[in-house]
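So the chains spell out like this:
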Amino acid sequence: MEYILHLLILISLYIILAQSLSLVAGFAGMISLAHAGFYGIGAYTTAILSLHFHLPFLVTLLIALLISGLLSLIVSAIALRTVEDYFIICTLGIQVIIFSLMNNWMSLTQGPLGLPGIPSISFFGLSLDNKLSFLLLCLFFVSLTFFFLKNLTTSSFGTILKALSEDEIFTQSLGKNVYKTKIITFTIGAMLASIPGVLYAHYISYIDPTSFTVDESIFILSIVIIGGMRNLWGSVFAAAFLLLLPEALRFIGLPNSIAANLRQIIYGIILVAMMFKYSKGFVVNAR
Amino acid sequence: MIFDINIQALININFCSILKLLFAMSFMMIYVSTKIFSITHAAVITLGAYFTYMISMQAHFPIWLAIPLAIVLATAVGIGTELGIYKPLRKLGATPLIMLIASLGLYVVLQNCISILWGDDTKSIRTWEVKVGNEFFGAYITDIQIIIIAVSLTLFVLCLLFLHYSKMGKQIQAVSSNEELANIFGINSDKVILWSFGIGSALGSIAGILVSLDTDMTPTMGFNLLLYGIVAMIIGGVGSYWGLVGGALLLATAQHLSAYYIDSKWMDAVAYIILILFLLWKPLGFSGRRLKKVEL
Numbered sequence: 675m676e677y678i679l680h681l682l683i684l685i686s687l688y689i690i691l692a693q694s695l696s697l698v699a700g701f702a703g704m705i706s707l708a709h710a711g712f713y714g715i716g717a718y719t720t721a722i723l724s725l726h727f728h729l730p731f732l733v734t735l736l737i738a739l740l741i742s743g744l745l746s747l748i749v750s751a752i753a754l755r756t757v758e759d760y761f762i763i764c765t766l767g768i769q770v771i772i773f774s775l776m777n778n779w780m781s782l783t784q785g786p787l788g789l790p791g792i793p794s795i796s797f798f799g800l801s802l803d804n805k806l807s808f809l810l811l812c813l814f815f816v817s818l819t820f821f822f823l824k825n826l827t828t829s830s831f832g833t834i835l836k837a838l839s840e841d842e843i844f845t846q847s848l849g850k851n852v853y854k855t856k857i858i859t860f861t862i863g864a865m866l867a868s869i870p871g872v873l874y875a876h877y878i879s880y881i882d883p884t885s886f887t888v889d890e891s892i893f894i895l896s897i898v899i900i901g902g903m904r905n906l907w908g909s910v911f912a913a914a915f916l917l918l919l920p921e922a923l924r925f926i927g928l929p930n931s932i933a934a935n936l937r938q939i940i941y942g943i944i945l946v947a948m949m950f951k952y953s954k955g956f957v958v959n960a961r
Numbered sequence: 007m008i009f010d011i012n013i014q015a016l017i018n019i020n021f022c023s024i025l026k027l028l029f030a031m032s033f034m035m036i037y038v039s040t041k042i043f044s045i046t047h048a049a050v051i052t053l054g055a056y057f058t059y060m061i062s063m064q065a066h067f068p069i070w071l072a073i074p075l076a077i078v079l080a081t082a083v084g085i086g087t088e089l090g091i092y093k094p095l096r097k098l099g100a101t102p103l104i105m106l107i108a109s110l111g112l113y114v115v116l117q118n119c120i121s122i123l124w125g126d127d128t129k130s131i132r133t134w135e136v137k138v139g140n141e142f143f144g145a146y147i148t149d150i151q152i153i154i155i156a157v158s159l160t161l162f163v164l165c166l167l168f169l170h171y172s173k174m175g176k177q178i179q180a181v182s183s184n185e186e187l188a189n190i191f192g193i194n195s196d197k198v199i200l201w202s203f204g205i206g207s208a209l210g211s212i213a214g215i216l217v218s219l220d221t222d223m224t225p226t227m228g229f230n231l232l233l234y235g236i237v238a239m240i241i242g243g244v245g246s247y248w249g250l251v252g253g254a255l256l257l258a259t260a261q262h263l264s265a266y267y268i269d270s271k272w273m274d275a276v277a278y279i280i281l282i283l284f285l286l287w288k289p290l291g292f293s294g295r296r297l298k299k300v301e302l
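Chain order of the listed sequences is A and H.
Its first residue numbered 675, the first sequence is counted upward by one per residue in the working numbering.
Its first residue numbered 7, the second sequence is counted upward by one per residue in the working numbering.
Honestly, the hints are just simulated from the structure, not real lab data.
A portion of the hints provided could be inaccurate.
[What the hints assert, rightly or not] Calculated lysine-lysine pairs in the DSSO-like style (CA-CA distance at most 27 Å, straight line):
1. K176(H) - K951(A)
2. K41(H) - K954(A)
3. K129(H) - K41(H)
4. K951(A) - K93(H)
5. K288(H) - K951(A)
6. K954(A) - K288(H)
7. K850(A) - K41(H)
8. K97(H) - K805(A)
9. K954(A) - K176(H)
10. K854(A) - K288(H)
11. K836(A) - K197(H)
12. K93(H) - K176(H)
Because the structure is a prediction, the values reported are computed rather than measured.
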């Protein structure tokens, strides 16, 4: 039972990650490989603040949102001067820079040793240290993100996003500021990605840089692509599928080490297969 | 601080930049003619090293036989990806972005296959004893490093000669600059692309083997090596082979200076900071060729 709750918590964290990337990569057409970096920034911000300054959860969450928002604002203003495959390489670079900051800034992050002993979340003296209450908190944030993204993407802002991902120059000719819209979207996506980071740090109570690598970014991107790019419900199912896959492989008797690799092989194959489906571009299929 | 010229640092910089040059060239061979940012190339680089390990250490063949066989096998994988994945996708009219994600998926598959087959720990194909390198004006350089420098430079010159003087090399250049026009002139672009995949994969696997001779191998080694190559290519200017030399030199110099003055652990970050700075202020690289990817 405990283990099932653990899986459900992980799935809900990945749903937030995937949906926030779906806004950036699916709706606005900016395929980003830096998402795990912002996830990590959320985790590290809350870890450092609650370890050194004993700040409560809501305060660290707000500061984490602010920091990842500020950082993504700067970073996207630079990266968005490029498009398509150059943009992906650029975000890959950002991911590597964030990772090497986490891994090498010893005085702040303790590098590869990680940060142990992060306290669990408590509200008004009520501690959420059992898994069920934590799952409820996660579900609250999942529904909040879902609601927010659903409204954002069906609003007029969402329409501009769809327009610019389909034809950037045409959207510009209608008097929309494409560059600014893209920066705003990227920043919202990165801010949302820091929420699961904050939750993850408090849940696991120990973080190290290996949870926030390029592979993690590729994994989040695969969830979004398998979920259907612009499909928020699709991200939910894809996250559940990809996280339960290794459990299923273990269930049929594969050893742990191979199951992990096999999961990646399977999602790699699905990724390639999806590209055949999307070969005309993501936009055409989404219509 | 006075910039003190240190022979050892100079040798290290040259050694690294020559290696990066080889990676950048093997990648650009594929990129210019197909416009595919083939991340799968990283797996081909790694496979070159692991096939050598398999043939020489596990099947106990002599190393002089293992290396050519490994190059052939890894090249076959590279050509296989073109025939099995990229070509069908191209026929479906896939954009470069779709190709990039497909290559990323394929890289994940191949890298995990390597992990399952050979394990995640470091493997070595060195059977000889590690010894002190040759002294050279007060600095040290190992035999392997001299071999790597010689092989890489020879391959670079051979590539340039091939591209400029052979029929296939000229066709590759034609397809690189305008595929449609090349087709009109009766060039079979599928065949040309297959050749550039073959040459690029062979160069990549050779580079992978050379690195593994110097610093052993892990299943993920190809990714970073390839990305250094890509950074060198972008800052050198895509499409210019002499720009590559400048890009590789600049990248290696900056990385070594940062290692010398700050700490070697920041070398990865420095590479990407340089890339981003270039994309900001000089998006076309040294050579300044027109590139539609960076605009606004």
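For each hint, the structure was consulted:
no. : hint              : verdict
1   : K176(H) - K951(A) : violated (35 Å)
2   : K41(H) - K954(A)  : holds (16 Å)
3   : K129(H) - K41(H)  : violated (34 Å)
4   : K951(A) - K93(H)  : holds (15 Å)
5   : K288(H) - K951(A) : violated (36 Å)
6   : K954(A) - K288(H) : violated (32 Å)
7   : K850(A) - K41(H)  : violated (30 Å)
8   : K97(H) - K805(A)  : violated (51 Å)
9   : K954(A) - K176(H) : violated (31 Å)
10  : K854(A) - K288(H) : holds (22 Å)
11  : K836(A) - K197(H) : violated (38 Å)
12  : K93(H) - K176(H)  : holds (21 Å)
Comparing the model with each earlier hint shows violations of hints 1, 3, 5, 6, 7, 8, 9 and 11; every other hint is respected.
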